[in-house]
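Student: Could you put the whole structure together from the sequences, leaning on the hints where they help?
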Amino acid sequence: MTTQLPDAEATLVALAERMRGAVAYEAAFVGIYSGGAWLAERLPALVPGDHPVGFIDVSFYRDDYATAGLKGGSRRTSLPFNVDGATIVLVDDVLFTGRSVRAAINELFDFGRPARIELAVLIDRGGRELPIEPTYCGARLTVAQDLSIVLSRDDDRLKLDVQKA
Amino acid sequence: MRNPQLNANGALTHLLTLEGLPADVIRNILDTADPFVSIGEREVKKVPLLRGKAVFNLFFENSTRTRTTFEIAAKRLSADVINLNIGASSTSKGETLLDTIDNLVAMDADIFVVRHSQSGAPHLIAQHLCGQGRSHVHVVNAGDGRHAHPTQGLLDLYTIRHYKKDFHNLTVAIVGDVLHSRVARSLIHGLTTLGTPEVRVIGTRTLMPSHVEAMGVRVFTDMREGLRGCDVVVMLRLQSERMKGALLPSAGEFFKNYGLTQDKLALAKPDAIVMHPGPMNRGVEIDSPVADGERAVILPQVTFGIAVRMAVMSMIASAA
Amino acid sequence: MKLEIAHGRIVDPASGVDREGAIYLADGVIAGVDARPSGWHATRVIDARGLVVAPGLVDVSARLREPGLEYKATLESEVSAAIAGGVTSLACPPDTDPPLDEPGLVEMLKHRARSLNQARVYPVGALTVGLAGQSLTEMAELTEAGCVAFSQADIPLVDTDLLWRAMQYAATFGFPLWLRATDPHIGRNGIAHDGEIATRLGLAGIPVIAETIALSTIIALVRDTGVRVHVCRISSAESVALVRAAKREGLPLSCDVAIHHLHLSDVDIGWFDPNARLIPPLRSTRDRAALRAGVADGTIDVVCSDHAPVDDDDKQVPFGEAAPGATGLELLLPLTLKWASEEGVPLANALARITSAPARVMGVQAGTLASGAPADVCIFDPNAWWKVERSALRSQGKNTPFLGLEVPGRVRCTIVAGQVVHESSP
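First to last, the sequence lines map onto chains D, S and H. The first sequence begins at 0 in numbering that gives the first Met the number 0 and counts up by one. The second sequence begins at 0 in numbering that gives the first Met the number 0 and counts up by one. The third sequence begins at 0 in numbering that gives the first Met the number 0 and counts up by one.
Since the hints were made in silico from the structure, they are not lab data. Since the model is a prediction, treat every value here as computed from it, not as a measurement. Quick reminder that beta carbons are idealized off the backbone N, C-alpha and C, glycines included. Any given hint might turn out to be false.
With the C-beta cut set under 7 Å, the calculated list includes, among others, these residues of chain D facing chain S [to be verified]:
no.	residue
1	59
2	75
3	109
Tutor: In structure tokens, the structure reads:
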């Protein structure tokens, strides 16, 4: 069964459209590795304002690391702004169960006390296991449980694919 | 005999020695340690990885330094830490080692960090736990006799990789009491496994283990010869007990021939780094100008040591 | 009791017999080999078809742990282990508690063993009082009480002048000395062979020179005093060479090797297996090869079990803290057979090392099936393999590096003084 996936670049534009005018002028964009990080890098050009960009690695805060095992890789959490009192937009590529976002929120609070956290996602595929909803969403779609939606980057072009989970 | 450190799926479940660990397992540990370094630079130096887990520091041989770094590492992973300083004498009078372990397992220990004066003690514990089918309890060797100090070996490898990037074109010299050194043995295994082409050991014949060449090293008794062209110089600690008895006549004579001074260091490469597992005996194995000089990376070793121990504990605790 | 053992392959190294036939036992002695005594009516006939009928095995070193060390083992359990292994005569070292340095203790031990009516126990007396290495024991009195030789067990003698005088004294009476070749100082804190394995495992080493220096000293003193010396448990290639040269010179020297050293090397320490902690230590594969060749060519006269039962509490500890020693009475035969088949040594030659040769060293009438000899027989199945497991061992010591391995040679029947003391069915 081939699922009709939207074009990633077009969806990014749609997401940015929804953020424009709604997002705080000085909101920081913090992307969750790796798909969210790519998106967070692209957003300042598409959303007017003074938006510092940070990246967050949630490996150490996930609740499933015991079964998934620790993945190596030197993706360090980097937040080049003062977290205390900040307005932060967490950026992720695909919102599914909500666990990565939960982990990212917990990690942000280990860095300080943000004034406000919002969530921007490229794709919301439903299937939530936690009460977490995106503030800004590029597109909504449904796929079978055993499939996963993956964002990839080829040079500078973003691309969406469906893979077996 | 299957490597007791790896479980049936090839995942690291205990860390007992670097000997026999596949290169990619070692590299995996070093890679996992990377992000942990930055946690030490944060305001809140904690991640919840080992929350709810109990780490028991079982030190049968005293060591405030090593025990403290393991404690810090475990606490940064949000684990509960219990310190047990059991002098060697109390075990011989009372409980056997394995009885002590059984009791602590009954208290829901998840990780044992063990330092013991007898080579092979952590292996005995790991085999005992395996025999009882307790696959959720893990052992980290914090130093056993003169056999191994794998976390020290790993942090030394991490340090070398940090400054020198690639092991494949390095000349590394290890200087001092190799005979009694578990630090030296672990580092030699780690370096040879990661493909270091030339590993040298430098010291008197009385301080060299027999057949040490079989471990893949070149032996030098002349320190100047041995330091020539080195990229990394690792100085080992010389314990004062070695000066009594027949191994060495005096600290002075040792320092003259095997102590690291500026002029001896000049024989190594101009960008060579100087390492030491600590604590240092200034004026015995190393002089102050070198220890405090710009080529010494001894303090970074300590920082990396915490990150490496965090990596090891989180990896073994999550072994699937 | 008139016992007939029929249809077995009789192998008697002492007399050179190796053929199928029957032997006849009566009144505690061998009444005939392949020659039925006149008027013979067997009380019992043992069918030994497919089995080897050999002299009861003779073991020059088996610790029975009595007196004094009963928590490790007792006479009952260890002698039971001996006969289960086909051993009908054994010598026990003097390192009991107290050591066997007084005739009274020797007599008591012999009496205890006799009352069990199983294997014959020959005590080896202490060379010095308390094994302390300072003053000589009453060797003549001890010999009268039943000691077959004198030794210091595992304790090296520091005082070479004392050793020299002890040899002169023993030579006066013709008493043999059984000595280990161990330097008292070099390697004194060692726990493993000083080689690659000890270096890797971080174990304090015992270099070969600790053995060869002491052996050279013993040889020089034998040359000077003419005393008969049996060197116990040689472990290195260099020692084999020294013994070979001493024998060529005609010196009254004999030696033995523990069966473990014919099979294992320091590699078998593996990940610090305390069952591989032995004295002398397991040495390199090169040393093992030389020991195997030494037994094959007769340089090494005797193979023994060096039986040393150790309880679990003293073995399930870190390697360096483990009590050294392995249980071996029940493995002497299978491991000798295994070595023989691996090296292509004929059965009779191999059996000589554990029957006639040790009997000669001990100076006792044993290890032979000649007519008139004591009726001590070991009937075994050389083709029956069995697994070395705790439950399979009768000794209280389950400490063996061969645990879990399969070995060839099952004792079916052990006879001492014409009585069946042990039997097992296939």
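Student: So, for every hint listed, does it hold in this structure?
Tutor: Hint-by-hint comparison with the structure:
Look at residue 59/D: its Cβ gets to within about 4 Å of chain S, closer than 7 Å, so that hint holds up. Satisfaction of the interface hint for residue 75/D is found here, the shortest Cβ-Cβ separation to chain S being roughly 5 Å, below the 7 Å cut-off. Interface restraint check for residue 109/D: the shortest CB-CB distance to chain S comes to about 4 Å, inside 7 Å, so the restraint holds.
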